[in-house]
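Chemist: Residues per chain, in single letters:
2 protein chains.
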Amino acid sequence: MSRRLVILTEGHTNPHTAKTACSLVRYRRHEVVALLDSTQRGLTTGELLGVGGDLPIVGSLAEASDANTLLLGIAPPGGKIPASWRAVILEAISRGMNVVGGLHDFLTDDVEFAAAAEKHNVTLTDVRKNDERDIARCVGIRDDCLRLLTVGHDCSIGKMVTSIEISNALNERGEDSKFIATGQTGIMIDGEGCPIDRVVADFVSGAVEKMILAHQHYDILVIEGQGSLVHPSYSAVTLGLLHGASPQAMILCYEVGREGITGVEHLGIPPLAKIRELNEVMASVFRPSPVIGISMNSSRVSAEEAEAERERVSAEFGLPVCDIFRHGASDLVDAILAFKASDAWKAEAV
Amino acid sequence: MSRRLVILTEGHTNPHTAKTACSLVRYRRHEVVALLDSTQRGLTTGELLGVGGDLPIVGSLAEASDANTLLLGIAPPGGKIPASWRAVILEAISRGMNVVGGLHDFLTDDVEFAAAAEKHNVTLTDVRKNDERDIARCVGIRDDCLRLLTVGHDCSIGKMVTSIEISNALNERGEDSKFIATGQTGIMIDGEGCPIDRVVADFVSGAVEKMILAHQHYDILVIEGQGSLVHPSYSAVTLGLLHGASPQAMILCYEVGREGITGVEHLGIPPLAKIRELNEVMASVFRPSPVIGISMNSSRVSAEEAEAERERVSAEFGLPVCDIFRHGASDLVDAILAFKASDAWKAEAV
Chain R
1 MSRRLVILTE GHTNPHTAKT ACSLVRYRRH EVVALLDSTQ RGLTTGELLG
51 VGGDLPIVGS LAEASDANTL LLGIAPPGGK IPASWRAVIL EAISRGMNVV
101 GGLHDFLTDD VEFAAAAEKH NVTLTDVRKN DERDIARCVG IRDDCLRLLT
151 VGHDCSIGKM VTSIEISNAL NERGEDSKFI ATGQTGIMID GEGCPIDRVV
201 ADFVSGAVEK MILAHQHYDI LVIEGQGSLV HPSYSAVTLG LLHGASPQAM
251 ILCYEVGREG ITGVEHLGIP PLAKIRELNE VMASVFRPSP VIGISMNSSR
301 VSAEEAEAER ERVSAEFGLP VCDIFRHGAS DLVDAILAFK ASDAWKAEAV
Chain H
1001 MSRRLVILTE GHTNPHTAKT ACSLVRYRRH EVVALLDSTQ RGLTTGELLG
1051 VGGDLPIVGS LAEASDANTL LLGIAPPGGK IPASWRAVIL EAISRGMNVV
1101 GGLHDFLTDD VEFAAAAEKH NVTLTDVRKN DERDIARCVG IRDDCLRLLT
1151 VGHDCSIGKM VTSIEISNAL NERGEDSKFI ATGQTGIMID GEGCPIDRVV
1201 ADFVSGAVEK MILAHQHYDI LVIEGQGSLV HPSYSAVTLG LLHGASPQAM
1251 ILCYEVGREG ITGVEHLGIP PLAKIRELNE VMASVFRPSP VIGISMNSSR
1301 VSAEEAEAER ERVSAEFGLP VCDIFRHGAS DLVDAILAFK ASDAWKAEAV
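As given, the protein sequences belong to chains R and H, one line each in that order. 1 is the number of the first residue of the first sequence in our numbering; add one for each residue after it. 1001 is the number of the first residue of the second sequence in our numbering; add one for each residue after it.
Derived by calculation from the structure, the hints in this document are not laboratory data. It is possible that some hints are incorrect.
Cut-off 20 Å, straight-line C-alpha distance, at most; resulting in silico cross-link-like pairs (PhoX-like, lysine-lysine) [claimed, not checked]:
1) LYS80(R) x LYS1210(H)
2) LYS340(R) x LYS178(R)
3) LYS274(R) x LYS1274(H)
4) LYS1274(H) x LYS210(R)
Build the full structure now, drawing on both the sequences and the hints.
Modeler: What follows is the structure, encoded as structure tokens:
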């Protein structure tokens, strides 16, 4: 039975909080029946999220009666299910719909949800639930599989989108590339992956290494980055991912105009050059791993401002810079293929 | 009822694997009746672990019949309970003993152990079990509480011991200092703390921050470090701790002669100067945090070699260097008090 999704974004239908919804609409449009947000009823996702065109936003489950699955479409700091959402989740269950969540609050751990699901014979899926228990061993890594990791100056700036678009573009050029999902939205899109921010700290690098080992028959892996090395709430996730992925090269992602760190906005984001330096220093303890391209999220600024920024940053870093949506991924793919052809990275492996 | 401990180290009674046992004997000697290792029966902990003097190693629980608690005394990579230990754990339970473990494998999650404990009315305690679910917010941190963090070039080199000894020595000098435990052994010794390597990655920094907020009425907090920023298995734990603790100064710990990284020995440990640099760079993103002293674990080398090493490293770094056990903590305490008196660290707070 194929999924027909209603994506719940009640009270949160904006591109930042509803980033899970945005990405599902972008990459799994054919599965999405509607978004559910009674405060925005009658509008479209194109109007509110800039993606999905005329995909409707409905005000109740009854208005999307052909859907069979409710998907929780937000990713807030801390990952709690909003209390006001309980009623609609229970209504979906009572209508015989499966429910898919990616939050830290697990549907399957909630006694009321679990009992209702059993009664109505529906499935609750917690994408973040895992029992990872392997430490990284740093053995058996294939030297000639090129591992690219997206890193960034903050959360929610486009690391997942950049990774997917780069991997897709590489495959369109005839390369043998695979996107590696490390977060709930990426897993919902790709159908596999590991929600590393939900893994016990001792096993973060091991969980990433396990994905690398399982997929290194591909020539190129494009690994979804998480958080930021300078995010005081989430840097553990970021460094564990960096060391578990052991990339030979990185793509640096940032959002133009982002100043404060997500969730701790009173702390300013350090300059992009510092972000690059920290990532290269921490990635390169055992294996050189340069930043070879920059993915700029310029959604907050005009096309003219984006062009000026692109030229300025490209000149500052001596690297290709592009906004995936405005310019496509071709400049980054060119840089990746040039790096891949250089062969220097193979000799440098541990 | 006071604890009377038998510490289980069966097959592992050496200072490295049995580091939990070593530290319990060192700091909670009055609670320890014996170690249990049938392969070393009749020897003493003084002979095998270099601590505890004539504390006996027994071959069976029957030989320590006045004990009321079995404590699992090892901390292996991955944290699994050795399969061969199940029988003695079940025997202890059937004898009416409580069992305390600090491994990733939880006693309370084991159906057979849990059933036996219920039947015999004893308590199973998993020191690493936690439900931390708060992200770090970076607000409310007291600027004039001096937070010292021990960092190091690898696991199991003496960060906990250094932290305890420094905090104790500070208090003996009339300061108002508190040791903050972040690992299973530290928690078993101090009676409180958070096992941060067992916390879900998103909440590591938050769990540490919570301990800081709860104890910042002390003038000085000496926070137990974990792992190493260059440990490819555990660096997530280390960076999350570093950012959650937000130290104003650090003590750098290392073991003389340690060459390979614990558990991944085919990877060499970078030079100590590099370790200092990485910790200072990553700690100082938002707040300067210099290394102000070096704690040298010289247990593998002679007294003469230790002295030569001490002079060499002190000259290289321009910092006080001491082996806590050979030289005491006074040089480090002097450095800490000089730093505390300088007041520069207060002005630098975010």
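Chemist: Hints first: check each against the structure and report whether it holds.
Modeler: Verification of the hints:
no. : hint                   : in the structure
1   : LYS80(R) x LYS1210(H)  : holds (19 Å)
2   : LYS340(R) x LYS178(R)  : holds (15 Å)
3   : LYS274(R) x LYS1274(H) : holds (18 Å)
4   : LYS1274(H) x LYS210(R) : violated (28 Å)
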